[in-house]
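S.K.: Since chain A is already given, all that's left is putting chains B and C on it; use the hints.
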Amino acid sequence: MPLDTHVVLAQGFVEQLWLPADYWDLSIPVYLFLAVVAGGGYVTGASACLLRHLRESGPCCLESELARWGFMVAVAGAAGAGLAVLSHLAVIYRALLFPIYLTNFSSWITIGTWILVVLSVIAVICLVLQLFGEGPAQEEGTSLFPRAIVAKVGLLETVDRLVDRFRPPMVAFAAIHVLGSLLAVATIYTGFELAIVETVPLWNMPVVVPLAYLFSGLAAGVGLTVALTAFFEREVGPVVGGYAVATGVLSGLGLVTVWYGWTVLVASDAPAAAASQVALAETTLAIGAWLVVLGLAVALVVGVVVGGAALTGRRPPVLERLAVPALVGSFGLLVVGSLALRVLMLLAAQQDPVVVLG
Amino acid sequence: MGEQWMFYFDPNRCIGCHACSVACKQRHDRDADADDWRTVTHLSRGEYPDFEEVPISMSCMHCHDAPCEQVCPPDAIVKRDEDGIVTVDRDRCIGCHYCAWACPFGAPTYDDEGLMSKCNLCLGVGPGGGHGQPERQTSEEGGPAPACVSDCVGDAIKAGPQSEVMAEASREAAERFEQGAYGKRVLVEPLEEDADLADSIREGDQPAGAITYEG
Amino acid sequence: MSDADGFDLTRRTVLKTAGAGTVGASLGGCLSGGDDQPAVDPDAETETAYGNCWMCHHACGQKLTVRDGTAVDITGVDEHPRGSAGPGTEGTLCPKGQAELEKLYDPDRITQPYIREDGELHEADWDEAFEYTARRLEAFADEHGPEKLLDATSWSTTNVHEYFWGNLYGTPERIGRGRHVCFGGPHLSGNLMGLGANMRFVDYQHSDYIIAWGRNIFESFAGQWEPKGVLEALDNGATLVVIDPQHTPTAQKADHWLPIEPRTDGALALAMGHVIVEEGLYDEAFVEEQTHGFDAYREAVADRTPEWAEDITGIDTALIREIAIGFAEAAPAAGIALWTGVGQYAEAQKAAQNVFALNGLVGNIDRPGGFRMWQGPPLQMNPFEERGIDLPNNAEGRQPALREHPEYEEYPFRHTTGIGHTVVPEMVENGHIMGMVNHYDNPLTDGSTQAWLEALDAMDLVITIDAYWNELTRNADVVFPEAIQLEKDTLINYAPAWSAYHDRRWISASKAVHEPLGDCKSGFRIYKGLAEELGWGEYFPWESEAEYNEDMLANIDYTFEEVAEQNFVLLEEFEYEQWEEGGFPTATGQFQFDLDEEGGYAEAADELGIDTAPEWIPPGTWGDEPDEEYPLHFYDTRSVFFSFGADQPLEHLHEQYARKHGLEGEDYRGNYLVMNPRDAEPRGIETGDTVTVETAAAEGDEPAMAYVSERTPPGFVTAEFGFGTGNSHEEGMNTMWVHDTQHDPVSSQVDRHLAAEVRPAGGD
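Chains as they are written, first to last, in the working numbering: chain A, 611 to 968; chain B, 37 to 251; chain C, 644 to 1407.
Looking at chain A on its own, in the form it has when it is part of the complex (with noise of 0.2 Å):
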């Protein structure tokens, strides 16, 4: 998919003229926001079973569902992270041997392929733990339809039995979601592959750029495990009603992190940053920027006001009933909003042109 008409628009400055726009497609920005969506989901399920623990909740709980629900989101997360990157690379196989093709760790790439890898790897390691052996045998939920699956293939209980026996010590457990929860954070590195392009003022800004993606991207792998349990349980109570406010709070960031962005960019001097300005304010693009806005803003009001009526318990019959649209629907928004930013950073990126002043 050429991406490139857009930018022409934007006053023809240097349009795709340095960095030919077909060096993209679709997938690295889906690349880009799947893998934090990973992080934000795996940060989810692991403080949720730190939760459950603390709380010493029963079975049954939205702790548990909030973790199946995060751990999926991570697995399905990297997975699509995975699939997407893949599918843009010419080469799949050296991709696959990563350890052996893989040499250049000052590449964010490099960096990126492996907290990726291991993230996936933990997710799912954390996520099969939620869904089988004993413990979970004995709860229920949505969330635990992998059991159905597998149990229609006749191996349910092998599979429990299997998980119980390496289920690890306590230990071992913290200590994976401590690292896991170390990677989840480490998607950060998808900003840092686009800041590092000195030539094009739109990606090099090397605060700006990976904490904007940290924090809409975990917002939105927050959102995404909130809006699904919710959507699943119909049910809002205080602690998902924490972690709406938790997403409320990293859209936030996130927005304030854009807005801040965005003044950057105004204030530069640079021509290609004055072409993406525009292409962003003044071409087709400006919707999609506005779609951005829109789900942080959105997602920010619905997840304090919602997830803190719903924390400190004290809910109107109004909040009560629409608890689970507002948020299901305010975190689906987001989700789109934040894939958007993804996408216009491609579309409006400008890079300064080597000869053009004096």
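Treat the hints with care, as some may be off.
Chain B stretches covered by chain C per the calculated footprint, using a threshold of three residues with CB under 8 Å from any CB of chain C [claimed, not checked]:
no., stretch
1, 52-58
2, 72-83
3, 142-156
It is worth saying that the hints were derived from the structure and are not from the lab. Where a beta carbon is used, it is the ideal one built from N, C-alpha and C, also for glycine.
M.R.: For chains B and C alone, kept in the frame of chain A given last:
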């Protein structure tokens, strides 16, 4: 470590004829419709008769800091010690295009196989042809002149070890280079001054100072 | 038609096929398989071969790298008179010159003779083709007389065709390209005024003031020495003035670009003359001693003030004055390079006369930095004479039909030339021309295309020597596939004069790089074979073209081999101010402001009611003038990628042409219709849309793709010549499809400047 090779370009002498692009294609036996390793772009501004069009010839500049090499995950891109030429080992390239993102000049191209190829300063022939070749020799030493240089009708493109190229540049160009113009990656003769480019782009239609891409 | 479209063959795969054929034939089929073997052994030693570029026939030196019998690379020849800036400078090749390498192995080339039998073209071997052609020529002579065969051989690399068709076959009917379709007006003016036919070149390197008048030297040049010379002059501080309605790469580098109203060059030149006379800046001694008709000139410019010219040309009075004074003060180191821009409209002869008069006025002729009268080598252009061959002149006593028949009395140009491109279809209709031989040319690209197509149909015999299929070759009775220059032993005999060496004669030659592709033969061999079949074998004792070339070098101290080995040699010096001794080659022996002494011209002028002296003839006097229905000026142009129609099929060239316009993403690889946004917008046209050009005569053959740009003035649209129906690259529009007999009545030059309308063609 030998001396870094680099390119020189003088937009004032470039007549925009694309001889460099064709010479490159033919030297490296590449199909006419493949992406050019050396491109000529025509930048224009203004309304008739206050119109200007400036041709710019660009390729891989074999940057001293080779941003492409720094980001290449499989280390397929090599910044050679002996002559500074940036080559690509197509047996390691995974086709991730990250080098194209990082490159300030849009130099990497990708063929039907999806593998990267680009200018190798005529160190070798064809995509990946520069990889593993012995040290680049100057024309005086018996090495081939790069195809784009040897067929530049306006004598606008030069290449060679940095000291030799610097010696041929105007004082102004050399000074600007020393001050860090274009990241000290390529020596370019000054074309014209234009300070308020960003402002004029923001102001909208046909910015007075902006050179726009026509097409 | 050979149809290799859709194959994207690189040089090596082509070679594999071609090479296998050749080797297989020579070894009697001993070689088997080998499909996977690389045709070129990468480790094989390389050799060097030379060429003299014939893509635009201006002969820049070409140096080829040959490996394993295959040319793998091509570049320029250092210090070459045409392809470098002179002593101590490197030679290069423009895109056309480089693409001759692609042409060398182009699978689309015609590589077999074809003859028409039962209405169809069939492949033939050479013996069959020679025999068939000889019988057809004999039958033609019997039925119509040889004088009814039009000799339309043009830029062939050998001159043997002139003797073949003129002396032996005996036709007086001959049409060439330069003076009839390319720059007829300046050609006539230059010749008659005393500048000669090479009236377009300045002694650039020594010049302080260069006026590129209707010339785009950086894009359309007669050898790369021209742009290189101008760049050198600019480096040395020379002033460059460009007079052109369109912004061009040359205008970009100019100190002054004068975006003149189309076809008003004559008015500007008169006004400049007015200023120079008024200011007393002309070269009185030169005018006094070396010129004729100055009084008439002085009178002609008397009331042609810059103020008067400003209204006509759109150029500011003060600027006209500045340029006139700058030019005159820099003289004699000031020169005017004028070519097709003041050569291809109906009033061009007089406009060119007005411009050339400035040379005589400031006395820059054959002085350093001015207008140079170049000298070629003393070639023996008649090798028959050299061999002592008693060549008959069978055309003797025969007159071109134009001058014989009352039907053509309405054409004043019959006094100045023997034929006109636009009158040929009428001559065919009248039965005065019944056949044609065409060699390295294509009349379908150069005006009245539709009438010419009908004329081709009506002719009894059409013989072509060509490299590509097009409407001409497809409609011919005989198609001879000619080897290209790189496949021939070539001695450059077409005007080896103007060059980067301002004071040296030179000669350039090259040997064939290797055997021709397929069954192609050199033009020389084609004529020799045909001559033998016609019983004229005794006149062709040379075994090869190289031998023939040897005789051409009879007066020169180098053999063909010696020249070819180094590609070019410099010969003796020649002086400036050659008119001091020899005068000017005119009726009066002087530079002529007034052409009153030139009988033919005076008769033509009389019939047209114009002066013989410089005079302002407004546009529209003879040519089209835009009106309400056809409000746009339409003009054809040349880019650096193409010269004649034989370059356009090459992929490297049309691909880069597309890239230059940023339209490589489109499938279209035809020519672009360039128009200003102010014309495009009201018509709903954007870059990339397909558009149709229409004139009073016709609607375009095919749509072209629009390229909307401020490069061209409002009201002025252009398209690259040499595309579309009738051309070898059939994509795009033929700019001359919409042309219908418009011409300069003085010189017969095709008027390539039409009134037109452009409409969206409903696609993009």
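S.K.: Next, verify each hint and record whether it holds.
M.R.: Evaluated hints:
no.	hint	verdict
1	52-58	holds (count 6)
2	72-83	holds (count 7)
3	142-156	violated (count 0)
Checked against the numbered hints listed earlier, the structure breaks hint 3 alone; every other hint is satisfied.
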